[in-house]
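Q: Whenever a hint applies, use it, and build me the whole structure from the sequences.
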Amino acid sequence: MVRDTNKHFKFDWITIILFFLLVGFGWLNILSASHTGTTINYFDFSQPFGKQLIFIFLTFGLIILLLAVDAKFYERFSSVIYIISMLSLLGLFLFGKNVNGATSWYAIGGMTIQPSEFAKTATALAVAKYVSDLNTNINNFKDQIKTFIIIVIPAILVLLQNDTGSTIVYGAFFFVLYREGLPKYHLTIGISILLLSVLSLKFGAIITSVIAFICLTALHFLSKKRLKIFQSIFILIAALAVSFGVKFFYQSILQPHQQDRISLWLRLEKDPKKLEQMKRTFAYNLNESEKAISSGGFTGRGFMEGTRTTGKFVPEQHTDYIFSTVGEEWGFLGSAFVVIIFVLLLLRILHLAELQKSQFSRVYGYGVASIIFIHFFINIGMVMGLIPTIGIPLPMFSYGGSGLWAFTILIFIFIKLDSNKINEW
Amino acid sequence: MRQFLLFISIIAVGILFIARLFYLQVYNSSGHNLYEDNAIRKVYDYPKRGFVYDRNGKLLVANQPSYDVMVIPREVEPLDTLEFCELLKINKEQFTKKYEKARHYSPRLPSVFVSHLSKEDYAVLQEKMRKFDGFYIQKRSLRNYETTIGANVLGDIGEVNNRDIKKDPYYKMGDLKGKQGVEASYEKTLRGIKGIKFIQKDRFNKNIGPYKDGKFDTIPEQGKDITITIDAQLQAYGELLMQNKRGGVIAIEPATGEILAMVAAPTYDPSILVGRNRSKNFTKLIRDTIANPLFNRSIQGVYEPGSPFKLMNALIALQEDVLTPEETVTCYAGYKYGNRFMKCHCNRGTRNNMIGGIQRSCNAYFATTYRKILDKNNNTSEGVDRWSNHAKSFGLGNFLNNDLFVGQKGRIPNRAYYKHIYPKTFYSTYTISNAIGQGEVATTPIQLANMAAAIANRGYYFTPHIIKNIENETLPEQFTKPKYTTIDKQNFEPVIEGMFQVYKKGTAASLQVKDIDICGKTGTVENFVKIDSLKTQLTDHSIFVAFAPKINPKIAIAVFVENGYWGSRFAGKVASLMIEKHIKGQITRKDLEEWLLKHSLENEYAKPYSGEPFKINGYTSLQIVEEQEYYRLKKELNRINKSEN
Numbered sequence: 000m001v002r003d004t005n006k007h008f009k010f011d012w013i014t015i016i017l018f019f020l021l022v023g024f025g026w027l028n029i030l031s032a033s034h035t036g037t038t039i040n041y042f043d044f045s046q047p048f049g050k051q052l053i054f055i056f057l058t059f060g061l062i063i064l065l066l067a068v069d070a071k072f073y074e075r076f077s078s079v080i081y082i083i084s085m086l087s088l089l090g091l092f093l094f095g096k097n098v099n100g101a102t103s104w105y106a107i108g109g110m111t112i113q114p115s116e117f118a119k120t121a122t123a124l125a126v127a128k129y130v131s132d133l134n135t136n137i138n139n140f141k142d143q144i145k146t147f148i149i150i151v152i153p154a155i156l157v158l159l160q161n162d163t164g165s166t167i168v169y170g171a172f173f174f175v176l177y178r179e180g181l182p183k184y185h186l187t188i189g190i191s192i193l194l195l196s197v198l199s200l201k202f203g204a205i206i207t208s209v210i211a212f213i214c215l216t217a218l219h220f221l222s223k224k225r226l227k228i229f230q231s232i233f234i235l236i237a238a239l240a241v242s243f244g245v246k247f248f249y250q251s252i253l254q255p256h257q258q259d260r261i262s263l264w265l266r267l268e269k270d271p272k273k274l275e276q277m278k279r280t281f282a283y284n285l286n287e288s289e290k291a292i293s294s295g296g297f298t299g300r301g302f303m304e305g306t307r308t309t310g311k312f313v314p315e316q317h318t319d320y321i322f323s324t325v326g327e328e329w330g331f332l333g334s335a336f337v338v339i340i341f342v343l344l345l346l347r348i349l350h351l352a353e354l355q356k357s358q359f360s361r362v363y364g365y366g367v368a369s370i371i372f373i374h375f376f377i378n379i380g381m382v383m384g385l386i387p388t389i390g391i392p393l394p395m396f397s398y399g400g401s402g403l404w405a406f407t408i409l410i411f412i413f414i415k416l417d418s419n420k421i422n423e424w
Numbered sequence: 000m001r002q003f004l005l006f007i008s009i010i011a012v013g014i015l016f017i018a019r020l021f022y023l024q025v026y027n028s029s030g031h032n033l034y035e036d037n038a039i040r041k042v043y044d045y046p047k048r049g050f051v052y053d054r055n056g057k058l059l060v061a062n063q064p065s066y067d068v069m070v071i072p073r074e075v076e077p078l079d080t081l082e083f084c085e086l087l088k089i090n091k092e093q094f095t096k097k098y099e100k101a102r103h104y105s106p107r108l109p110s111v112f113v114s115h116l117s118k119e120d121y122a123v124l125q126e127k128m129r130k131f132d133g134f135y136i137q138k139r140s141l142r143n144y145e146t147t148i149g150a151n152v153l154g155d156i157g158e159v160n161n162r163d164i165k166k167d168p169y170y171k172m173g174d175l176k177g178k179q180g181v182e183a184s185y186e187k188t189l190r191g192i193k194g195i196k197f198i199q200k201d202r203f204n205k206n207i208g209p210y211k212d213g214k215f216d217t218i219p220e221q222g223k224d225i226t227i228t229i230d231a232q233l234q235a236y237g238e239l240l241m242q243n244k245r246g247g248v249i250a251i252e253p254a255t256g257e258i259l260a261m262v263a264a265p266t267y268d269p270s271i272l273v274g275r276n277r278s279k280n281f282t283k284l285i286r287d288t289i290a291n292p293l294f295n296r297s298i299q300g301v302y303e304p305g306s307p308f309k310l311m312n313a314l315i316a317l318q319e320d321v322l323t324p325e326e327t328v329t330c331y332a333g334y335k336y337g338n339r340f341m342k343c344h345c346n347r348g349t350r351n352n353m354i355g356g357i358q359r360s361c362n363a364y365f366a367t368t369y370r371k372i373l374d375k376n377n378n379t380s381e382g383v384d385r386w387s388n389h390a391k392s393f394g395l396g397n398f399l400n401n402d403l404f405v406g407q408k409g410r411i412p413n414r415a416y417y418k419h420i421y422p423k424t425f426y427s428t429y430t431i432s433n434a435i436g437q438g439e440v441a442t443t444p445i446q447l448a449n450m451a452a453a454i455a456n457r458g459y460y461f462t463p464h465i466i467k468n469i470e471n472e473t474l475p476e477q478f479t480k481p482k483y484t485t486i487d488k489q490n491f492e493p494v495i496e497g498m499f500q501v502y503k504k505g506t507a508a509s510l511q512v513k514d515i516d517i518c519g520k521t522g523t524v525e526n527f528v529k530i531d532s533l534k535t536q537l538t539d540h541s542i543f544v545a546f547a548p549k550i551n552p553k554i555a556i557a558v559f560v561e562n563g564y565w566g567s568r569f570a571g572k573v574a575s576l577m578i579e580k581h582i583k584g585q586i587t588r589k590d591l592e593e594w595l596l597k598h599s600l601e602n603e604y605a606k607p608y609s610g611e612p613f614k615i616n617g618y619t620s621l622q623i624v625e626e627q628e629y630y631r632l633k634k635e636l637n638r639i640n641k642s643e644n
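Protein sequence lines correspond, in order, to chains Y and H.
Each residue of the first sequence is one higher than the one before, starting from 0 at the first, in numbering that gives the first Met the number 0.
Each residue of the second sequence is one higher than the one before, starting from 0 at the first, in numbering that gives the first Met the number 0.
Be careful, since some hints might not be right.
[Stated by the list, open to error] What the simulated footprint calls covered on chain Y by chain H, stretch by stretch (three residues with Cβ under 8 Å from a Cβ of chain H suffice, anywhere in the stretch; the number is not a length):
no., stretch
1, 174-183
2, 332-342
[Claimed, not checked] Calculated Cβ distances over 12 Å to all of chain H for the following chain Y residues:
no., residue
3, 102
4, 373
5, 387
Bear in mind the hints are in silico, worked out from the structure with no lab data behind them.
Don't be surprised by glycine CBs; every beta carbon is placed ideally from N, CA and C.
A: See below:
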């Protein structure tokens, strides 16, 4: 990798260009999804596209500020930033404004700010700080618990504010911890639980248990490193517990709308009349969004030419469902382009993180990549019907000042840390 | 290893997404179709349907506005059904039934909910329409008949069915289309092309504005007016004369092939198939399988031609040079062949040459002639094929390739046809009935009229057609180019002279019209039906074929009256009167006119269905119409005469 060693260009321009490509293309799609009427005043600040334009301009100031601050500041004050951020989340219970069922906003004047967006950055900094501490050993159970607590506090706070989507994002830190040496069985257990859950919801607990039993038996006879009988039995019992537990969790703990989403995702509903009913109600968004994407075809309908976008058939299209606009108006070529840009950006950040000399920077970089990756995966996966509906924005793309700024801060702190790498020798 | 988990996850998700995009947008994409896009509302603008005029420029068919309530089931919101039903004048069950039918057809395409609102209902409904989401009013143009005649000629328009839509995607549910007559055969000319407006909707089904500023919108193209060859006067007169009878009359102008009149009896007023009562009336017409008013007897009725076909045999004999016009045949009140006998009306020992044979319609003469034609060169198989080809050159036994919506081929047999009945031996006597136009030959009235026109022209005809003129269009060559028969010109004169003598002294002597030299030929055709699977003979059909004047003919006509008994009894009278009407414009043979109006054949038609034994032909008495009916017909006649002046 050839790095630009010229001191004037010490920031990683590739990341910056990819970032602005996404922001710019995102804004075009917000414009398309939110404009009304035939004449467009780009600076109509009562419209989402006009507001987003202001947010983008303000981003420049923010970036300059972020890059001007000394790199050591972020490491040194990560605990303070984390605490302030947690307080701002707690404050929502007192002063929060309820929008669409989630109490996630502060209303200041005409503006609303969503502190949970910034909390992700703060948590990433805190985790980086704690894990990179010389006294911390991630293989140590106590330290694992402490790290876990840092992550779970904001996750629980946003969950209590009814913002399930943001809670799931904190799962991203698993990638970080795994990279830093979390024992392998965590991964095995995690994947197993996920698989067991999906299987038992789709095919029922009994069939799943049988499958688990067959797999374990096969493993027992085929694997060189044989498990002891009682170990296998223990695993089987655990699997049974998970299977039935998931059923119970699904039926008794999840709220009806969450049940519906999962049942739609796993195609649990077979009755065509009920499916039709679903398409008209909670699956309406997804159905319309898939239709919009599908109608784009290979080359798309053209910028501002999508009939479903113009007709506003997909609700919330300029926020969480922005990708359906890309699909309809830019077609397969445009959508694949966006996916590729995201993948490139993620790989670039990942690559830079691996190059970091300080563990703090590396852990933080991993956090950045993981958080963006989870957003990318859940958002686009949801819009295309690959995973259940979970409301989180598409980074840099979706409309919203808090989101845009939060991701700007997240990424540019890392760009600053990365630029400071040379000074760490 | 550890650093690759996220790396692999990112790559895997990228590939997964692109694969899913490929599936959604390329593999599974139905392509974009504006007509299927439910974000785009399609609003049709129906053009004016072309008017229909008769040959003298009299307007026959015009338009009137009509309003249909349309429904798009998936856009229907809960509504005040009671109020809606009241406005539409339907009840709750009908509402549910209509709604289910529309939903079954398609939840997202419009269907007709209630058709043909009256103007008053429309006015009231229009005010309240916005309360009923998913319903809207579509304005259409219905036919307005300026006449009560010519239902079989003019035809009618009706809603397209699923088959029509499948066949031609131009049509959408609720569109109107020509179903019969010229409405059907000139559908594309008359209908024009509807315009369409694409309107962008939002998800609340509100119109936002024209899609792409109306770039794809089209303006309607008006339907073209047409002039048909029918003479409304003559048509009306023919229909009047044929009242209380069944059969067909078809009159052709020999010099052009234009159809002057095409009467099918019984008929109906074309106006009853317009508007809300259309389906009720149509069902009534189509269920009447006995009188069969929708059956156009003048072009669809296939009958044995009877004696008029003797003209054909005479022409073929002359062309084939098997006899001369002067050769005589002695009639023994019939014709003996083998051990069988064909009866004839001639006195025993009458000696007929060709003119006499035609004049007296002598069966013996034509049996002899027919055998001579077939037995020429002692090869009957070849003979029957030659005979068949000559007859076919007159347009008999085949579709005439005209512009009428329906038709029948009829039948002129040849050796191949007889092969399965007489595989080995084949003698001319086997098919001797063909000599007098019975047996296997079968024709439609229009074919016989065309034959008369070809004789009138001395050897050629123009394909009979109904179109005279289309706005800014020339008629196709098939109607303007003469078609030559296989008979030479000079061979027509003896036959025409024979037809002339039919009028002067022969079977139609009582039907002469002053100052017009009519050439004609009577026909009396035996016919049978099955009653309780028993072959039963009915009263003969009365047939007449004629053209006039002898020199420079103006009209050729074929008249067919079912169960009218002998040729000059009904059919000949109708033919003479129509010829006089066409040539003179007025009637001197008022006696014939009176006779036809006064007499009905309804009791004849009732016989096979009475379930009782009945008598036919000479043993029947004629039915006189009721006084009331007679006055109605007289009034009708006065109206026709008045409108002429």
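Q: All hints are to be evaluated individually against the structure, with a verdict given for each.
A: Hint by hint, here is what the structure shows:
{"no.": "1", "hint": "174-183", "result": "holds (count 4)"}
{"no.": "2", "hint": "332-342", "result": "holds (count 6)"}
{"no.": "3", "hint": "102", "result": "holds, 28 Å"}
{"no.": "4", "hint": "373", "result": "violated, 10 Å"}
{"no.": "5", "hint": "387", "result": "holds, 15 Å"}
Violation of the numbered hints given earlier is confined to hint 4; every other hint is satisfied by the structure.
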